[in-house]
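> Generate coordinates for the entire structure from the input sequences, incorporating the hints supplied.
Chains as they are written, first to last, in our numbering: chain A, 1 to 602; chain B, 1 to 602.
Keep in mind that the hints were calculated from the coordinates and are not lab data. These numbers come from a predicted model, not from an experiment. Accuracy of the hints is not assured; some may be wrong.
[What the hints assert, rightly or not] Derived pair list, reagent style DSSO-like, types lysine-lysine, alpha-carbon separation capped at 27 Å:
hint	chain 1	residue 1	chain 2	residue 2
1	B	Lys558	B	Lys592
2	A	Lys429	A	Lys505
3	A	Lys34	B	Lys196
4	A	Lys257	A	Lys235
5	B	Lys81	A	Lys97
6	B	Lys430	B	Lys389
7	B	Lys97	A	Lys81
8	B	Lys264	B	Lys389
9	A	Lys176	A	Lys97
10	B	Lys186	A	Lys97
11	B	Lys429	B	Lys414
12	B	Lys443	B	Lys176
13	A	Lys264	A	Lys389
14	B	Lys443	B	Lys81
15	B	Lys186	B	Lys575
16	B	Lys429	A	Lys34
17	B	Lys443	B	Lys186
18	A	Lys443	B	Lys196
19	A	Lys429	A	Lys235
20	B	Lys97	A	Lys34
21	B	Lys443	A	Lys97
22	A	Lys81	B	Lys558
23	A	Lys443	A	Lys511
24	A	Lys257	A	Lys186
25	A	Lys257	A	Lys81
26	A	Lys264	A	Lys226
27	A	Lys591	A	Lys511
2 protein chains.
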Amino acid sequence: MNYSNTFIPTLREVPADAVIASHILMFRSGMIRKLANGLFAYLPLGLRSFRKVEQIIREEMNAAGALEIKPTVVLPGEIWKESGRWDSMGEGMLRVKNRLDNDFVVSPTAEEAVTAIVREELSSYRQLPINLYQINSKFRDEIRPRYGLMRGREFVMKDAYSFHRDDESLDETYQKMGRAYRRIFKRCGLSVIPVKADSGAMGGSGSEEFMVESDIGDNTLILCKKCDYAANVEKAGCAPDYTEQTKVADETPLYEKIDTPGVKTIDELCAFLNTSPQAFIKTLVFRAVNVDLNLSDAPGCKALSKKVNSTYPEVFFAAAIRGDLDVNEAKLAALLKASEVSLASDSDILRLTNAPVGFTGPVGLKSLPLIADQTVTAMTDAVTGALAKDLHLKHVAYGRDFTAWMTGDIRTVKPGDLCSVCGGELYEKKGNELGHIFKLGYKYTRSMRVSYLDENGKSAIPIMGCYGIGVDRTLASVIEEHHDEAGIIWPASIAPYHVIIIPIKYDAQVKTAADRLSEELEQAGIEVLLDDRSERPGVKFNDADLLGIPWRVVIGDKGLAQPSPQVEIKRRCEKENRMVDLDKAAEELAKKIREELAELNS
Amino acid sequence: MNYSNTFIPTLREVPADAVIASHILMFRSGMIRKLANGLFAYLPLGLRSFRKVEQIIREEMNAAGALEIKPTVVLPGEIWKESGRWDSMGEGMLRVKNRLDNDFVVSPTAEEAVTAIVREELSSYRQLPINLYQINSKFRDEIRPRYGLMRGREFVMKDAYSFHRDDESLDETYQKMGRAYRRIFKRCGLSVIPVKADSGAMGGSGSEEFMVESDIGDNTLILCKKCDYAANVEKAGCAPDYTEQTKVADETPLYEKIDTPGVKTIDELCAFLNTSPQAFIKTLVFRAVNVDLNLSDAPGCKALSKKVNSTYPEVFFAAAIRGDLDVNEAKLAALLKASEVSLASDSDILRLTNAPVGFTGPVGLKSLPLIADQTVTAMTDAVTGALAKDLHLKHVAYGRDFTAWMTGDIRTVKPGDLCSVCGGELYEKKGNELGHIFKLGYKYTRSMRVSYLDENGKSAIPIMGCYGIGVDRTLASVIEEHHDEAGIIWPASIAPYHVIIIPIKYDAQVKTAADRLSEELEQAGIEVLLDDRSERPGVKFNDADLLGIPWRVVIGDKGLAQPSPQVEIKRRCEKENRMVDLDKAAEELAKKIREELAELNS
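Structure (C-alpha cells):
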C-alpha cells in the first residue's frame, strides 16, 4: 500500500486531553479520532491493528470450541426485565424508547440475549455443553470517559456464554477459556497478570481476571512477593493474623461501660485508653441495595418485603471488624449478594441504632443484622461502641457478649499482610482489566427459566459461565507495553503493516527499487507500507518511528550505487541498522517477520 | 466441523410471521433467530454466510481504493444538528439522551460522522480524492418491520463516503463504485437490476440503485421492453405524449366559466362534459416540508421565513398536470428540494384557495406558487377548476391564461408509457434495493463547513459521493434467488460450508472414511460439515437440502464394500447423484468447488 493512497493523518502535537501513552500515540499516529467524549472512530491504520486483535481472539475462541453468533447491538428491554437487571444495572446502561414506546437497551453486555436464544432451542442434555460468543459493539454510559480507548463509552467486546449440565462440564470449558485467554494475550505480545478472584486459601476458582499493570488502572491488585498469588483487592484474602486467640472468654472480666466524652474515632479512643487499634471492634452501618438473601429471621428485617425479582431493594446492616482493619465494600456486597453497598448516612445511623455515629457497637444490637469479619470472632477482650453517646464498652468477648448473624471475610487486604498460600509478604499494583472469565452459576438460567430434559427425562436447569475480553482495551494495552518516546513499537502480530519502505526520494532508480521490493514482500505475504510522499527524509523517519512498523527499509541512491545494490534495514525495537543486498532484502525480512510471528503464536 | 459440535437448530415448521422464502428458510435452517420485532440474531451457520458477503464487499471496496474505518454505532446528536438532519430525519432515527442529558443517535447512516472526521484532517487538495467506508450496525425504527432480514430495525450496512476536488474526480470514483457493486453482486451469485435514477432522456447520471426483483419489494421499477432502460418510478421519465400540441393559443376561444354543480372528480366531469381526461388540467395542493428553494418572489410566500438550517419548514404549493396523469410526490419533492411532500388537507385547501376541494385551478391563482408538469405547458384548450364552488373554466390555454412559477416533470410513469430512450413500451416490476450509489454534491460539506486549500492556495469546498449496500439484505436476496421447495441452494461463494458429508451411520469403517474425507477436504481448503448425528438418514438428507450446502457426500457400507471403495456425491442444484472412488472424492470435489468459485469471482 502506498502511503499517499491511504489516510494516515499523523500529528506532531499531543491532544490536550490525552495523558497516557496509548491515547497520545493512537492520536498522533492517526489510528483514531474523537467523535465525542468517549466515542472514537478508528481510521484505516488503527482499524488494521484492531482487526488483527479481533482475529486472534476469534481464532482462539474457535479453536477452543466456541461458536460465533451475532445478536443485535440494540436489545429488547423486556429480557432485561426478566433477568431483573433492568432495575439493577443502574444509569451506566443506555436505555431507549422507540417511536412505539417500546423499551430498548444499547447492549452493555449480552447474558440476557444469549440466554434468551438458548432458552428457545434447548431441549435435551445432548445439546450441552454449548459455548456461544460474539465480537460486537457495546455501550456503557461512563460519567467520566477518559484515557482514550481505555475507558470509552462505546467499545467492542468479545463476550462468550457457555451452558452446561453440571459443574464438571462448566469447569472444563472454564479451564479451556482460561488457556485460550493466555494464548490470546501472548499472541498479542502482552504481559498479563491472571488474577484469581478467590483467595487462594479457599481452593478452587470461579473467576479469573486478566490484568495489565497500569498507573491509571481501575483496579488494585494484591500480589505476593514469594509465590504467584494475585487477586483483585475486591476479593483478595490473606493469612489469618488474629492476635490474642489463646485467651478464652471465661478469663475475660465481665464487660463494663466506660465514659468516653467526645471520643468518636479509633485514634482518639486509642489515645484516650492508651491502647492499640487491634484491641477494638469497629462497627459500621451499611446500606445494601437489591439483597438476594433470605432475611426472614434477620434482626430488624421483619417488616421488609421483596421486590418482584425476589431481592430486597434496600437493607441496612451492621458490619464489625477489628479496629486496625477496613471493611471492603466489594467483599461485603458479595457476602450479602447485593448489587451495591455503601456507608449509611449519619441520620440513618441515628435512626437505626439510637446512637450517633462513632458509638455503634455489637452488644445489644437488635435493630440490624450484624455481619462480623473473621477477625472479630477471635476477639475475646475488646473495646466497642456502647450504642449510646459518649459511651464505650470494654472486656467485650465474641460468643459470650454477642454473636453475628453472619460471619465472613470482609477485610481489605493491605500491603504487608501475609499471603494465604505461602505466607509471603503481599504488595499492591494498579491494573486494568482486559478480560474476565467467570462461573456465572444459575443466575440467568433460573431467572429466565431455561430448562432441558436430562438423561432420565427430568427437567433440569443448565449452569452458565461467561467470558469477556475488551478488544479496544487489549489493543491500547499493547501500545502501553510497547512504545518509546518516539512512538509505537508493534509486535508483528498486531502491527498494521510489517514493513515500511522509505525511499529517500521516490523517483528514478530509487522508485524502481522501492516498488520492486514492495512487490516482492507482498508476494511473500508481508504487509508493506511504501512511503511515497514527497516529504523530507527526516519527516518520513519520524513518522515511521511514530507508526511503529516493526521493520524499516531505507532506499537511497548511495546504497543502490554499490557494486551489488544495497538497502538499509532496521528493526523498530533496535538501535542498529545495517545494509543488505537489495536482491536478498525481501527474503531476509520475510524470514525475520515469520520468525517473530511464529514465536508470538507458539 | 462436526455437526454435533456446532449449533444448527433446524425446524420443520414455518414461523407464523414468515411469508417470504429467505425469512422462512433462514429460520428453518437455524441461520437466524428473532430477539424482538425487527431484531434478529445470527446463529453460527447464518453468521458464516453473513461474513462471506461482508468479506466480498470488503475485498471489492479495497480493490477500488476505498479505505475502511470504524466510527461508533452511537453518534453524537450535535453533528446531526449541524447538517440539519436532526430535524429532517423524522421518527425513523432512534434518538437517545444519556445520563448527562447529551443527545445521541443510534446511527441510521453516517454522512455526518465521516464528514466530521474528514473536516478535521483535510487541509490540502493533495489529500483528495478520499473514499472512506465502514461495515457496521445501523438502526432505523421501522414502524412495521417484516420479511425477516429484508426489513429489520437493526441491520449491517456498508456505507462509503468520498470527497473530491471536482465533478470529474467524483465521477471517476462513482464509476469505480458502480463497477465494484456489479462485481460484488456477481460474486454473490445475484442478478441485480441497476436502476438509473435520472430519466435516460436527460443524459448523465448522479444516482444508481441496485435492485433485485421481489414481489414484496418496496420499490416500483419502470423497465423498457426493448432496451435496458430501468428506473425507479420515483424518478422514471417517459417519451413525451403531448396531444394537441399543434393548436396555438390564438386559435383557442377566450376561456369562460361553466356551471358544474356537485361535480368534483375528473370522472364526473368527463361524464358531465362528455369529453376525456386528457382535456383537463388537474390542479392539486401539496404541503412540502423543509423546502430548500429561494421563495422570495414566489406567490403567497412573502410571509414565510427560513429556519436556522436555511430551509422553509412548511410551504404549500399547487401542482397542475394533465387530467389522465398522476402527480408523483417523489419527483415533486425532488423538484422542490423538500424532504417530504404530501397532499394538503381539505381545510388547508379551502383556507389557501378560497374554494373547496375539487375546484382548484391555475387561472387567477395568486395565493400559492404553481408547479406545472411539462404536459400542462403543451395544453392550449383545457378544462380546469375555477377556484369557486361548482364552477369550472373551459378554453384555458397555458401561456395565455396562466403561467407556472416552475415547470418540470412530475408525472408518474405508468406501464404502457413509452421509453424516452428507444420508444419501446414500458412495464413495471416490484423490487428491493440492495445498494445505492449517489452523487451527494455539497449538501454536507457546505452545511458542515468543510474546506481545503486548492492548487492556488484558495479555500474550496469538496464535493461528495456516497455508496451503500445492505449486507443482511444482500444475503437474504441470495436465498430469494437460489432456493427450491426443499431449502436453500447456496452459490459456493456464500455457502456456510462447501461440502456436507453424511455417513449413513457414523460408526466403524463408515466413520473412518468420513473422517478421512473430511480431513482431506479441509486440507485442500474446502469447508466441510460432517453430519455425525445419530439421526435417521432421511432426517440428515432433509437437513442437508434445507441447509443448501452445494455438495453432498453420502458414505455407506455398500459403497465402501466395492472392490474400489466408493462414495456418492450430489450437487445440491442438480437431481442426479453418482458414485466416485473414495480415494479421488476429495480431489474431484475440491476441483468442482474451485471452478464454481472462479466462475463467480471472474
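> Mind listing which of the numbered hints don't hold for this structure, in increasing order?
Per hint list: 2, 3, 4, 6, 9, 10, 16, 17, 18, 21, 22, 23, 24, 25 and 26 violated.
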